[in-house]
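Visitor: Chain by chain, the residues run as shown.
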Amino acid sequence: MPESTAVPRVRRAADVTVGDELPSTTIHVDRARLVQYAGASLDRNRIHWDEPFAKAVGLPDVIAHGMFTMGAAVTLVCEWAGDAGRVVEYGTRFTRPVVVPYESGADLEVSGVVKAVDPESRRVTVELTATAAGEKVLGRAVAVARLD
Amino acid sequence: MPVNADFQGRTYPPTEPYGVSAAKIREFAEAVGSADPVHTDVDAARARGYADVIAPPTFAVLIAQQCDAQLIADPDAGIDFSRVVHGEQKFVHHRPLTAGDSIVGTLHVDTVREAGGHAMVTTRTELATEGGEPVCTATSTIVIRGGE
Chain R
1 MPESTAVPRV
11 RRAADVTVGD
21 ELPSTTIHVD
31 RARLVQYAGA
41 SLDRNRIHWD
51 EPFAKAVGLP
61 DVIAHGMFTM
71 GAAVTLVCEW
81 AGDAGRVVEY
91 GTRFTRPVVV
101 PYESGADLEV
111 SGVVKAVDPE
121 SRRVTVELTA
131 TAAGEKVLGR
141 AVAVARLD
Chain E
1 MPVNADFQGR
11 TYPPTEPYGV
21 SAAKIREFAE
31 AVGSADPVHT
41 DVDAARARGY
51 ADVIAPPTFA
61 VLIAQQCDAQ
71 LIADPDAGID
81 FSRVVHGEQK
91 FVHHRPLTAG
101 DSIVGTLHVD
111 TVREAGGHAM
121 VTTRTELATE
131 GGEPVCTATS
141 TIVIRGGE
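Chains as they are written, first to last, in the UniProt record's numbering: chain R, 1 to 148; chain E, 1 to 148.
Isolated chain E, as found in the complex (with noise of 0.2 Å):
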């Protein structure tokens, strides 16, 4: 089945907030390898200015792929998860994410074209306080490879 492009355009509602916690953070620092004590010691993170321990850069994509989720495992959008390949990410920081956060992720899909017989989604996160402050814009390309 073909990647459904109704879908171009399309925002889903907000998510249930996702509580960023310090564990977390440092589990995710530990594994792409970032040694910055900012993102295990809060008294290192409050003498750079920060509430508490902050994330690293690519964090976000722990929460900004649970609202991809939503568009992936929606059957009429006619995305087969096996054929799915990374293509593109990016992030824009509004500012850290920070253990305490709880954020909400709105999802957008931008846009959903055709090219070279594979399908390229791109969707796009928004992710906010529940109070509504912006902290990241998170947006990623899929390409679902065409098939045989």
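Next comes chain R alone, as it looks inside the complex (with noise of 0.2 Å):
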């Protein structure tokens, strides 16, 4: 019987330890991707993609979503977990703005470490850092995955 090679593996929590890190990956931002954030997501708030609007509210130029940097960081945790699914919580703060000037856009540095497994309920642990510009701008981001 042919397997499907398209289902990767769950990753096993007792294969996993108290700091473990996770892959880190850096995300390009650019304003194409703030645009179909706003699409998908529903918030079209303008200072996500007008840069005009966004300086008349104060702000150093055109800002990402707050819940974008959220979504995007936490597929580190999916790939790694080996099944979005498995994501059973994740919370954060957000602490600054990923600014995302039109020329350069923003790289968003994503890390994460594993803080806790609980062996009983496979329960892990893993605090998500994310950075731009050389600033934090995710506060106490933390997921928690159920591992086979």
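I should point out that these hints are in silico values taken from the structure, not numbers from a laboratory. All C-beta atoms, glycine included, are put in the ideal place defined by N, C-alpha and C. Heads up, a few of these hints could be off.
Pairs of lysine-lysine residues, derived as DSSO-like cross-links and limited to a Cα-Cα distance of at most 30 Å, are as follows [said to hold, decoys possible]:
| id | chain 1 | residue 1 | chain 2 | residue 2 |
| --- | --- | --- | --- | --- |
| 1 | E | Lys90 | R | Lys136 |
| 2 | E | Lys90 | R | Lys115 |
| 3 | R | Lys115 | R | Lys136 |
| 4 | E | Lys90 | E | Lys24 |
| 5 | R | Lys136 | R | Lys55 |
Cβ pair distances, simulated, as ranges [what the hints assert, rightly or not]:
| id | chain 1 | residue 1 | chain 2 | residue 2 | range |
| --- | --- | --- | --- | --- | --- |
| 6 | E | Gln8 | R | Arg44 | 23 to 33 Å |
| 7 | E | Gly78 | R | Glu120 | 41 to 51 Å |
| 8 | R | Glu120 | E | Pro2 | 42 to 52 Å |
| 9 | E | Pro13 | R | Glu127 | 35 to 45 Å |
| 10 | R | Pro52 | E | Gly9 | 39 to 49 Å |
| 11 | R | Arg12 | E | Gly9 | 36 to 46 Å |
| 12 | E | Pro2 | R | Val57 | 15 to 25 Å |
| 13 | R | Phe53 | E | Pro75 | 17 to 27 Å |
| 14 | E | Glu30 | R | Gly19 | 32 to 42 Å |
| 15 | R | Ala116 | E | Glu133 | 40 to 50 Å |
| 16 | E | Ala23 | R | Asp30 | 17 to 27 Å |
Build the complex: two chains, separate frames, hints provided.
Guide: Structure representation (structure tokens):
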């Protein structure tokens, strides 16, 4: 019987140790990306795509949706866990905006470290760090994944 | 007008059902850059035991923010949307949101408080199927910046 190759294996909690680092990633964010997220999320606030508007309300430039940053950052945990459906809890504070200039865009750097492993429930707690232009943009970004 | 503290503790009636579609899940997954085929390939999703494609972890915000609108758009609440900043967000998933779900949201205003000249409002939206099965608890804190 042919096996589906599209299905990655879900990581086993027994193979995870506190202090393990998730492979870090850099996500490039440009205006097109923000327009795409605005449409997908239905959050059409002009500060996320209209530069004159953003500046008129006192922002340095267009800024990314906090929810875009939150959603993009957790893909690191989804891929590491092996199934996006295993992320059972995820929370963060929005500490600083990701400023997205027209020409250069912004680079969001995301890394993660395992903070707790519960062998009984196989729930693993990951703390994410997301930075842009050298500053942390998410505070206390914590995801819990239920592994195998 | 200051934010109306009397809204603390208020619960709104369940919203009209939101139909979770495979098309919206795909759009959202692409926008946050989640490459997991569980969002786009029904066979991959079923191979992992899901009924259909499932949503990325932060998709629930789309439904929760529609629920929050009941509060934000209420003139008696005194929330000036042009001064609103998203402070914190958390999701607790009881199970993944799945294409074909018909979801109702019940909005609770957990806290309304003043801090440093700003108002902070924490809302909790309980998302459940029309049949009453709990799916996700979405908690959001918005900051309404004080006047100049």
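Visitor: Now tell me, hint by hint, if it's right for this structure.
Guide: Status of each hint after checking the structure:
1. This hinted pair checks out: Lys90 of chain E and Lys136 of chain R have alpha carbons roughly 18 Å apart, not beyond 30 Å.
2. The hinted pair formed by Lys90 of chain E and Lys115 of chain R meets the criterion: a straight-line CA distance of about 18 Å does not exceed 30 Å.
3. Using a Cα cut-off of 30 Å, the hinted pair Lys115 of chain R and Lys136 of chain R holds, with the two alpha carbons roughly 18 Å apart.
4. At roughly 21 Å between alpha-carbon atoms, Lys90 of chain E and Lys24 of chain E fall within 30 Å of each other, so this suggested pair holds.
5. This hinted pair checks out: Lys136 of chain R and Lys55 of chain R have alpha carbons roughly 22 Å apart, not beyond 30 Å.
6. Remark: the range hint 23 to 33 Å for Gln8 of chain E to Arg44 of chain R is upheld by a beta-carbon distance near 29 Å.
7. Taking 41 to 51 Å as the suggested C-beta distance range, the pair Gly78 of chain E and Glu120 of chain R conforms, at roughly 47 Å.
8. Distance hint for Glu120 of chain R and Pro2 of chain E: a CB-CB separation of about 47 Å, consistent with the stated range 42 to 52 Å.
9. Between Pro13 of chain E and Glu127 of chain R the C-beta distance comes to about 37 Å, which sits within the given range of 35 to 45 Å.
10. The hinted range of 39 to 49 Å is satisfied by Pro52 of chain R and Gly9 of chain E, whose Cβ atoms lie roughly 41 Å apart.
11. Roughly 44 Å separates the CB atoms of Arg12 of chain R and Gly9 of chain E, a value that falls within the hinted 36 to 46 Å.
12. A C-beta distance of roughly 21 Å is found between Pro2 of chain E and Val57 of chain R, which places it inside the suggested range of 15 to 25 Å.
13. In this structure the supplied range 17 to 27 Å holds for Phe53 of chain R paired with Pro75 of chain E, their Cβ-Cβ distance being about 24 Å.
14. Here the CB-CB span from Glu30 of chain E to Gly19 of chain R is close to 33 Å, well matched to the stated 32 to 42 Å.
15. Our hint of 40 to 50 Å for Ala116 of chain R and Glu133 of chain E is violated, since their Cβ atoms are close to 28 Å apart.
16. Taking 17 to 27 Å as the suggested C-beta distance range, the pair Ala23 of chain E and Asp30 of chain R conforms, at roughly 24 Å.
Hint violations for this structure: number 15 only, all remaining hints satisfied.
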